[in-house]
Amino acid sequence: MRRFVLTVLVSIFLGGWAVAQQQPDQDQPGQNQAPPRSDRSREAEAGESSSRETRVDLSPPKDDAKNHPSSGVVDTNPEDEPADVQEMHPWNPYRAMKDDEVGDYYFKRKNYRAALARYQDALIWKEKDAIANFRMAECYEKLDQPDQAIPHYQEYLKILPQGPLAKEAHKALEKLKASEAKNQASEKTQSKP
0 MRRFVLTVLV SIFLGGWAVA QQQPDQDQPG QNQAPPRSDR SREAEAGESS
50 SRETRVDLSP PKDDAKNHPS SGVVDTNPED EPADVQEMHP WNPYRAMKDD
100 EVGDYYFKRK NYRAALARYQ DALIWKEKDA IANFRMAECY EKLDQPDQAI
150 PHYQEYLKIL PQGPLAKEAH KALEKLKASE AKNQASEKTQ SKP
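Reading the sequence shown from the start, the letters are residues 0 to 192 in numbering that gives the first Met the number 0.
Quick caveat, the hints were computed from the structure, so don't treat them as lab data.
All of these numbers come straight from a predicted model, not from anything done at the bench.
All C-beta atoms in this analysis are idealised placements derived from N, C-alpha and C, irrespective of residue type, glycine included.
Some hints could be false.
[Stated by the list, open to error] Straight-line distance between alpha carbons at most 27 Å, and here's what the computed BS3-like set of lysine-lysine pairs gives:
#1 Lys166 <-> Lys107
#2 Lys97 <-> Lys107
#3 Lys109 <-> Lys65
#4 Lys174 <-> Lys109
#5 Lys65 <-> Lys157
#6 Lys141 <-> Lys127
#7 Lys166 <-> Lys187
#8 Lys107 <-> Lys65
#9 Lys174 <-> Lys127
[Claimed, not checked] Quick list of simulated restraints, FRET-style, between CB atoms:
#10 Ala177 <-> Gln119: 25 to 33 Å
#11 Pro160 <-> Ser185: 31 to 39 Å
#12 Ala113 <-> Ala64: 39 to 47 Å
#13 Pro59 <-> Ser178: 37 to 45 Å
#14 Thr188 <-> Ala64: 43 to 51 Å
#15 Pro59 <-> Gln144: 26 to 34 Å
#16 Ser190 <-> Gly162: 12 to 20 Å
Could you put together the complete structure from these sequences and hints?
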């Protein structure tokens with residue numbers, strides 16, 4: 000019987016000791032507790048976050064207003080509308096990008112009408128989409144509508160004058176304008192009696 004009582008007492012003692020080892024100490028942080036912050040007093044004194052070193056400079060570049068004169072400028076008083084009315088346009092660059100991708104798919108398959116429709120949809124979601132304008136110009140050119148292609152090449156160059164497709168746009172404009180001038184000259188000679 001003594002052995003039984005002694006075994007029970009030892010197991011109670013060891014069980015209590017094991018539970019005491021599992022409980023976290025109040026002075027030390029446990030697994031789910033954050034470590035004590037030593038810089039809390041500095042933050043309170045300065046009234047600032049410690050992340051001030053990671054702030055991003057959001058000010059515009061030095062010559063931004065000169066290089067982009069019409070960016071962000073809204074005509075607040077057009078002559079034909081009251082001053083408090085402004086037109087709202089949907090803007091979703093992700094949908095525009097998806098429309099560009101689908102348009103590229105159709106363009107590669109030489110379905111220029113379907114590609115043109117998707118690029119037009121992209122311009123609904125992102126009004127100043129340079130890629131959609133360039134691809135629309137290419138579609139119009141493939142569909143033998145140079146008068147429709149020229150404004151879209153020009154719009155691309157207006158949006159991205161030094162863009163990756165700027166050289167191609169300049170070459171296409173030169174070619175289209177030369178053929179347009181040639182067509183006008185031949186029309187003049189044919190119309191004279």
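We went through each hint and held it up to the structure:
| no. | hint | verdict |
| --- | --- | --- |
| 1 | Lys166 <-> Lys107 | holds (21 Å) |
| 2 | Lys97 <-> Lys107 | holds (15 Å) |
| 3 | Lys109 <-> Lys65 | violated (41 Å) |
| 4 | Lys174 <-> Lys109 | holds (21 Å) |
| 5 | Lys65 <-> Lys157 | holds (15 Å) |
| 6 | Lys141 <-> Lys127 | holds (22 Å) |
| 7 | Lys166 <-> Lys187 | violated (32 Å) |
| 8 | Lys107 <-> Lys65 | violated (39 Å) |
| 9 | Lys174 <-> Lys127 | holds (24 Å) |
| 10 | Ala177 <-> Gln119: 25 to 33 Å | holds (27 Å) |
| 11 | Pro160 <-> Ser185: 31 to 39 Å | holds (33 Å) |
| 12 | Ala113 <-> Ala64: 39 to 47 Å | holds (41 Å) |
| 13 | Pro59 <-> Ser178: 37 to 45 Å | holds (41 Å) |
| 14 | Thr188 <-> Ala64: 43 to 51 Å | holds (49 Å) |
| 15 | Pro59 <-> Gln144: 26 to 34 Å | violated (39 Å) |
| 16 | Ser190 <-> Gly162: 12 to 20 Å | violated (40 Å) |
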